[in-house]
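Novice: Each chain, written out:
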Amino acid sequence: MTNAADNTASSSALPDERGHFGKYGGRFVSETLMAPLDELNAAYQKYMCDPEFQAELDRDLAHFVGRPSPLYFAERWSSMIGGARIYLKREDLNHTGAHKINNTVGQALLARRMGKTRIIAETGAGQHGVASATVAARMGVECVVYMGAEDIERQAINVYRMRLLGATVVSVESGSRTLKDALNEAMRDWVTNIDNTFYIIGTVAGPHPYPAMVRDFQAIIGRETRQQILAMEGRLPDALVACVGGGSNAIGLFHPFIEDNEVAIYGVEAGGDGVETGRHAAPLCAGSPGVLHGNRTYLMEDRDGQIIETHSISAGLDYPGVGPEHAWLKDSGRATYVAIKDSEAMSAFHSLTRTEGIMPALETSHALAYAEKLAAGMDKEQIIVVNLSGRGDKDVNTVAALEGIKL
Amino acid sequence: MSRIEVRFAELKSQNRKALIPFVTAGDPQPDVTVPLLHAMVAAGADLLELGVPFSDPMADGPVIQAACERALSHHVSLHQVLDMVREFRQQDTTTPVILMGYLNPVEVWGYTEFASAAAAAGVDGILTVDLPPEEATDFSAAMKAVDIDSIFLLAPTSDESRMRKVSEIASGFIYYVSFKGVTGASHLDVSSVSSKLNELRKYTDLPVGVGFGIRDGESAAQVARIADAVIVGSVLVSQLAALADQPDRIPSTLAATVSELRAAIDKTS
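Going down the list, the protein sequences come from chains A and B. The first sequence runs 1 to 407 under the numbering used here. The second sequence runs 408 to 676 under the numbering used here.
For the record, the hints were derived by calculation from the structure and aren't laboratory data. Where hints are given, some of them may not hold.
[Unchecked claim] Which bits of chain A does chain B cover? Going by a derived footprint, with three or more residues having C-beta under 8 Å, they are:
1. 18-28
2. 89-102
3. 296-306
Computed from a prediction, not measured in an experiment: that's the story for all the values here. Every residue gets a Cβ at the ideal spot worked out from N, C-alpha and C, and that includes glycine.
When you get a sec, could you build the whole thing from the sequences and use the hints?
Specialist: In structure tokens form, the structure reads like this:
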């Protein structure tokens, strides 16, 4: 279902050759990393147009990841809400349980062609860490995953999965001990070991070419969705909804629809205790532009330009920045970004689990909570597609703890 | 001529090499910094590098990360750093001061507004480690307009085209990072640094300073033989960290280390 021609057709003109989405994106790193990033970009540009690379990627996506993922009509949940018909793009059914594997499979193929023998990654919820450890195990190469100490506590199951896969999980104790600090630490490892190491960034942020490259590997989500909804409903959806931390599952779904102006696009950030409380992780809703982690984008920052701590029930959304393409989509008005509170996400988690027998990740539950609100104001002829970006098994301990249950 | 140019010209005429110590502003507490800067100048520092605390110092090792955290716990940010430079300038009008940090605090302030405030405070140069020349056009223009030098990094991974690019935009001096890694690590390989500096001198007449991995008099002397300036950071910051609960002892202790480094460097000339 994928091929080189599809990839070319779905790429918009952005970013420019230096990685800019309007004023966002770019490459803000120390000098030592400039040449390795040039090398990575050259390899990525070359292999994205290489039919052999694309054929191998397609085979891996079909037989290792299990694509295409289903587009499922959540009939009971839709009628319970009583508005638009809601379809779920089932990225939770991918191997390893989330959309993250689409990207790690692609970057692993690049790493092998570039002759790199060591893989490093950062992870928040642990899904990208598991997906990186998985491809490293399959390649037979060393894998080191950096994870904030706080996230290691709340995502213990994924930490153990990574260790079972042979990866070394390094606990990051600096700063806020979450995803942003894990990213700092992975960058420090990369700058020290660039000769043999490939850094698999898990989201559509970081220095060019990562935002474009990760998007292109994730855009399979939107390309499949487009074909599936046309086959099932004979038309495009009225709205797309996806959660946004760094924003990779969201860009993956949105990107192939960006030129379809009749399709409304909603990105859902982590509202934490509520945007008005300041305890949240919603830079697009309540942040301002700045430079962090290699790109210019919306950030949670104070007036001195220091990055401020974020809060979210979901480790995967607990990040003070966001991919630069989202910053551009926000400013251009093409996409709308909203925030969903912890409590609303929890309620959607239970609601989908009980009505459809699908237990979503807490990250995904933010998208579901907004879809509920949106659907309620739409009519039965209208269609919403939600990216069901990951499964909730990893969050069972967190959910139980919130209910006062010790497993 | 800028203070940086004057200083390097003086050193050259004396056939001496520059010693540039680095400390993070406000570490471990704000009132230590200005006396410490004066003490280091008295002990033989030629230029000063003052670190601007940042919450996410991606290019720094654990020693300077911890320094940033100590300074930030006292809310020392770019505005306070300029206050310290202004205070330093009341007594010292000749020693060049270079701010070293990350782009975001400057980005949020606004390049032009920051540049005029920094120039008024007495800043001579600025090095933003996460701002490569490709993204620096507006930034460097704003600094140039107020005669602040934009210092850029080169590294072992920089090829000929990058050396050219940096040479075109840089002023003051060029900072060569001696190895692939973060600050505070120790992989200094003087012969590979030497061959890279020889190559670099084909593209620039600016002085070249070498930093990262200089831990003692011996490594400082080795670098002084091949470079125009020796930049020492993590060693000083480690000593400072060990005295965080006895801040009165910090200026004299670090000054003693600066004197040792000075003596080792001067032996080479």
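Novice: Hint by hint, say whether it matches the structure.
Specialist: Going through the hints against the structure:
| no. | hint | result |
| --- | --- | --- |
| 1 | 18-28 | holds (count 4) |
| 2 | 89-102 | violated (count 0) |
| 3 | 296-306 | holds (count 7) |
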